[in-house]
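From first to last, the protein sequence lines stand for chains A and B. To convert, note that position 70 of the first sequence is 187 in my numbering; the numbers rise steadily by one, no gaps. To convert, note that position 529 of the second sequence is 530 in my numbering; the numbers rise steadily by one, no gaps.
Hint data in this document are derived by calculation from the structure and do not stem from the laboratory. Treat the hints with care, since some could be wrong.
The calculated lysine to aspartate or glutamate pairs, modelled on DMTMM-like cross-linking and capped at a C-alpha distance of 25 Å, are [claimed, not checked]: (1) A:233 with B:500; (2) B:590 with A:225; (3) B:572 with A:214; (4) A:233 with B:586; (5) A:234 with B:586; (6) B:537 with A:214; (7) B:492 with B:406; (8) A:208 with B:500.
Please read all numbers here as calculations on a predicted model, not as lab measurements.
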Amino acid sequence: MKSILIVEDEEPLLLAIQHKLEDAGFETIPTRDGKEALARLTGTEPLPDLIWLDYYLPFMNGLEFLTRIKSEERLKQIPVVVVSNTAGPEKVNAMLDLGVDAYFVKAERRLNDIIKKVQSIVNGGAKHE
Amino acid sequence: MFLLIPVVSLISILSFRNAQTLLRERISEQVETVISARQDRINDWVNRSLRLGTLLSQDPELQALLIRQNKQGTNPISAELSVFLEKRREQYPEIQAVSVVSPSATASASTETDLPSMPKFGDGDLAQSAIPMLYESSGGYFVSSRVFSQGTLIGTAVINLNADAINGILKDYSGLGGSGEIILSRKDAGEVVFLNHPRSLLNLDGQYRLSITDNPGIPEVLAAQHLTGPEISTDYRQVEVVTAYRYFPVMGWGLIAKIDTSEAFAPIERLKLELIQVSLLTLILFFLVAFMVSRSITTPLHKLHLGTEKVGKGEWDYDLDIHTGDEVEQLADEFATMAKELKGLYTGLEQKVEERTVELQKEKDTSEKLAQDLQKFQLAVENVHDQIIITDPEGHIIYANRVIENNTGFTRKEILGKKPGELWGGHMDKKFYARMWKTIKEKKKVWEGELTNTRKNGETYIAALSIAPINDKEGIVRFFVGIERDVTVEKEIDRMKTEFISVASHQLRTPLSAIKWFTEMLLSEDAGKLTAEQQKFLQQVYRSNERMIELVNALLNVSRIEQGRIAIDPKPTNLTALVNEVLTELEPKIQEKKLNIVMSKHERLPKISVDQKLIRQVYANLLSNAVKYTPEKGEISILISKKGDEVISQIRDTGYGIPIDQQSRVFTKFFRADNILKVSAEGTGLGLYIVKSVVESSGGKILFQSEEGKGSTFWFTLPVSGMKPRKGERSLEEAKL
Chain A
118 MKSILIVEDE EPLLLAIQHK LEDAGFETIP TRDGKEALAR LTGTEPLPDL
168 IWLDYYLPFM NGLEFLTRIK SEERLKQIPV VVVSNTAGPE KVNAMLDLGV
218 DAYFVKAERR LNDIIKKVQS IVNGGAKHE
Chain B
2 MFLLIPVVSL ISILSFRNAQ TLLRERISEQ VETVISARQD RINDWVNRSL
52 RLGTLLSQDP ELQALLIRQN KQGTNPISAE LSVFLEKRRE QYPEIQAVSV
102 VSPSATASAS TETDLPSMPK FGDGDLAQSA IPMLYESSGG YFVSSRVFSQ
152 GTLIGTAVIN LNADAINGIL KDYSGLGGSG EIILSRKDAG EVVFLNHPRS
202 LLNLDGQYRL SITDNPGIPE VLAAQHLTGP EISTDYRQVE VVTAYRYFPV
252 MGWGLIAKID TSEAFAPIER LKLELIQVSL LTLILFFLVA FMVSRSITTP
302 LHKLHLGTEK VGKGEWDYDL DIHTGDEVEQ LADEFATMAK ELKGLYTGLE
352 QKVEERTVEL QKEKDTSEKL AQDLQKFQLA VENVHDQIII TDPEGHIIYA
402 NRVIENNTGF TRKEILGKKP GELWGGHMDK KFYARMWKTI KEKKKVWEGE
452 LTNTRKNGET YIAALSIAPI NDKEGIVRFF VGIERDVTVE KEIDRMKTEF
502 ISVASHQLRT PLSAIKWFTE MLLSEDAGKL TAEQQKFLQQ VYRSNERMIE
552 LVNALLNVSR IEQGRIAIDP KPTNLTALVN EVLTELEPKI QEKKLNIVMS
602 KHERLPKISV DQKLIRQVYA NLLSNAVKYT PEKGEISILI SKKGDEVISQ
652 IRDTGYGIPI DQQSRVFTKF FRADNILKVS AEGTGLGLYI VKSVVESSGG
702 KILFQSEEGK GSTFWFTLPV SGMKPRKGER SLEEAKL
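This is chain B alone, in the form it adopts within the complex:
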């Protein structure tokens, strides 16, 4: 039944289309047949008319009369010629009037008193031709033919044809129904002239004219230009028609036959209407039947539904009252049995539920308290700029603040109950997440890190994330609070900055090398003897250049560290020996300032696996700072000890110290404290930044304590387990001490 409707509709549409196409083809064929027949008849008429012209021009009597006239001069025999012409007119009904003109057009004779529509012959080939010519002019049809005698032109005969025959052909609308027309047209300068008056122009005086430029696609206009258009188009009356085209080359006539589509396609329109009526009727019938059938099914089902609701509310003995005698009744019976069994079970259950309710109430109170706290928290964080989410202990999101929609592209509705890993996260390796979960779930500590996430639109971004577990009184994790910030742009700017420094530093090195070498050559007197003062000045140049080289080296180190390009090549190392090496290099300056060095170490200090170049640089920077910024006769003490799984190095000086208000910036790039700027202008401000970077990338920590005027103490730790090897591009440039 349901299938029937589309099938029937499809068949009707298809058959309708088919009929439409067929009818269109048939009408086109019919118009084509009509125009072919008319074309043949017009051609017959033209040929007959031309033969008449030939007959006249070759008439010996006419020739003799014309020869005589030409010999005797001006028109003496026009009366005789007129008689001759009258005779011929009577002989041929096709001739309406006929005239003859001498070659010089000085003499003429005609059946009419005034010469009707005498054509003007040009000087072209046609004018010299013996072949007669048929043409239309101002609504009349003419045949003109030249009369020759022994090759000499002796006159021209012009027949004004009786137009009844051709008008009869053009008025014959048989095969074109009640609206069809046949139109013969001719191009006349920028216009097209209708040679006949079709049905709708019967009352017109004179000839109907259409401008070609204003009516370019009209079939009558096309036909006169030897063009054709689409089978269905709009004609001069702005009516849609089915058209066929013909063209008569010699006369320059276009012929069209046409029939109005409104008439031609009327049967198909009727068919359409009938089809619609039938379809509508079928539809109504279908819905009527469908409604009745469905009612017979739904009524008992509705009863069943009502019954389940009642039983659901506890009316165990409710009677369903269904007697349909089919599957529905069977279902109703089974339902009644089930209700009875449920009644028994339920009574036992009620008691248990009461017990459990008391327990639940307790739990609920605790949860509600937490939820209230959470609500306060939510209110506080809803509009902050960092992304904040709260998850349950399994990681399902239970709250996210507003900014999450901007950050991740997900709406809050979409993410509730899901895990971040299913949404924007899950792009780091498994170990990364395993470590994270271990920290927050097992150790119950705050985890901080950077990770790559993906927005809903697929764009990746770098996020700085910290996750804190929220525990209840018993120490059980209830929620996790994650605070996240999109740091993609910051990261990119940082990377560009680092890259810039790296390139710039490289470029700086070449001229620095040139200055170094040429100064060296001058100083070693390669270019001639120097005065003592010249020596002194060049020493200054040399030293300044060395400082510049040192700065470039430090900048390169910083950029490599920041790009994560340093290679780490750990080897078992005796840290004390490393410190001693550095102290040896610093010896001249220590001597100069008469500093006291105290070195002590843990009794059983193990060798630890570190990158010697890197750790040497850490000691070198810390110790050279201590030497540089401790006034004469001060003390520097070094202590290396082991505590738990860490080795701690302590470097203490009695130097100028770091002003308390600047201590927070000690490890930032290019930082130099105000008080030491007065002591020494030299220094890049990069040393401690490099130290911190190296120590932290080695798995250690660095801290310090300082008081202005009293001195500073720096501690840094290294894990006893040593550094992990890493393949990198370059090793650090060694600092000059």
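Just chain A, with the same shape it has in the complex:
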């Protein structure tokens, strides 16, 4: 079963994402901030097949988390999908430059649309939205 690491600090949103992903047949690893997510990524094998990342997070924001992931040889191959309540174009561009596979604004998107994108990425689909 493919597994997805979710980084989302808002409990209701995390619940919805988790529920929807599990329905779609994924195994989910829910985390509430970048630190917790990093802890889940160190040492444990196998690595998740995708990271679902929020931007506004406690301790470190999505961009900082992403920078850490992409600087580690072991982790940088994991595809990342950012799902956030708007971030400025510079931040979005910076994340896309680091190798984000898709970027979504939460309130603007149906969850189903995002899940479809996730499925296509995990199943070796095209990169970037």
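Position chain B against the provided structure of chain A, taking the given hints into account.
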């Protein structure tokens, strides 16, 4: 001469100070010497007296008499002892009286009939000691010594000393002038007792006593407590004195020697007086000489001055009459020559002046007329709340109304004739002012803008300013009138409001996302099958939430626009294509209402460089309004044309129109017209506000015409030159159509 006065004064002051210090030191030394000598003499006397005690207690005859008495009981030999004691008294003049007491104090003998001032011995070490003890009691001095025989106490001898010797020492005022005193004092419970009667207490009966708590800093009181005070202090008579302190530890006596400062420092006071007299005399002399010298110089100068005045008035041949034989006379001669030359020049000039006067009168009339107009204007504006200044064409202030003193902190006197840039202005970049001057001076148009200024106290403020050039008949700028208002507070409130909306909107988005997603999950039957009615209800929830999201997006856009945070990223754009995109999105609603769309455009419409997202939003808002507020089967026409250096977009509908009394509020935030509120409750009232903000920040203008029940037409312009790129934080949220 002028230098001499301060130098002399300085030297006198310095030497006076020096003498004062020296004298003070010398007096202190002297008092110190006196007290040292007295201390030595008192110590000598004490030691001599104590030796007398030792001598007596070790006298074998006394010991034998006491042993016998102790064996035989009550006082049988007091007569023999008395004889012995009398003998010793006669032998030593220091002894005034002497007594002996048995250890049990049952028997005693004395040279006196009653035992004078017999001391009470305690049970302490001193009472058991063989060492004699000297003490003062009720004005008498005593030496008591214990008599021992083979280690056993057999009696006590008490000598009442002749006080003449010590009183003699204390009365010896040599070295202390006419006012000096020496005082021996002792602490007695809460008081200090004087053991001797100094000069000023000669007539006192009994002992002089001072309460320690009431006289804490008095030297006599300090000395008895083994303390010292400042060299100069106030003594028991409340007189200022120079003092020296000593202390006799065993007896607990304090000794002071002192001399009144009034006597000690008398010589220096005399010196001061003399110095003042000399200084005054010198001053008077100096002024006398100075006056005489100056008179000899000023008299011819005064004449010269008088002469220049006369010549100035046109008396060219006035004789100066100065014969001092010095530079002044030379000056007077040269002056006379000059006056002669001037006379020639002046006659020619008069004619020219007359001609010019006529010309000037004409100009003056014009100016006076303007000045009168200006005066009326000043009267009108003196007390208004906005700051009003009038400058000449170069920007020099010639008038400012009263409020300027509050606004800028400068008084009106301070600013007249100066330029605002030298006072409160000049803080914007050069281009800003260059544009301003170009508008008012070259184009001769009214300039309006906001700028940052500084008050006199350094505080900066934001001012809304408009400047109007005032031209005369020939079209020449005569004055500028500037009307200014301090809008700092308004700006700050506006900023806070915008920031609040931004934060609140962000916070709203998270729960809105949660509602959206969970409703979506329910609707897609993730949590089980829904009945038709449940489906319908949830659709309502979903739609309402979507409206909420739209409102938050609009609020965020408004706050970004107002904070100047929108990024502008211009790209060459085909405006027609942009309109078509928007129309495609609106298609379902257009179909639903069976609206007729007419689209026309200028034949050679150029591509212009605009931010597509922003301009798309302008079209989207205007067109969706048109669709929303036009009843079924109505018509919407779009016309894009080019006129001069502007591209004009016109959107006309045959809709409900805007009531005339509400038209002035069309572009304000949250405005929705009454008539359309009845048609549709939906709508944020932010669309046209955003449209206006975007168009204006793109360098364009927007206007409209509307009649209720007939329809509305909106026009907006964009410069052909396109939008200027700007780095901002965010792009606008896209509106749902």
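Against the structure, the hints:
1. A:233 with B:500: violated, 36 Å
2. B:590 with A:225: holds, 21 Å
3. B:572 with A:214: Answer holds: residue 572 (chain B) to residue 214 (chain A) is near 22 Å, not above 25 Å.
4. A:233 with B:586: Since the Cα atoms of residue 233 (chain A) and residue 586 (chain B) sit roughly 24 Å apart, the hinted pair holds (cutoff 25 Å).
5. A:234 with B:586: holds, 24 Å
6. B:537 with A:214: violated, 43 Å
7. B:492 with B:406: Holds - the C-alpha atoms of residue 406 (chain B) and residue 492 (chain B) are around 22 Å apart, at most 25 Å.
8. A:208 with B:500: Between residue 208 (chain A) and residue 500 (chain B) the Cα gap is close to 20 Å, so the pair holds against 25 Å.
Violated hints for the displayed structure, listed by number in ascending order: 1, 6.
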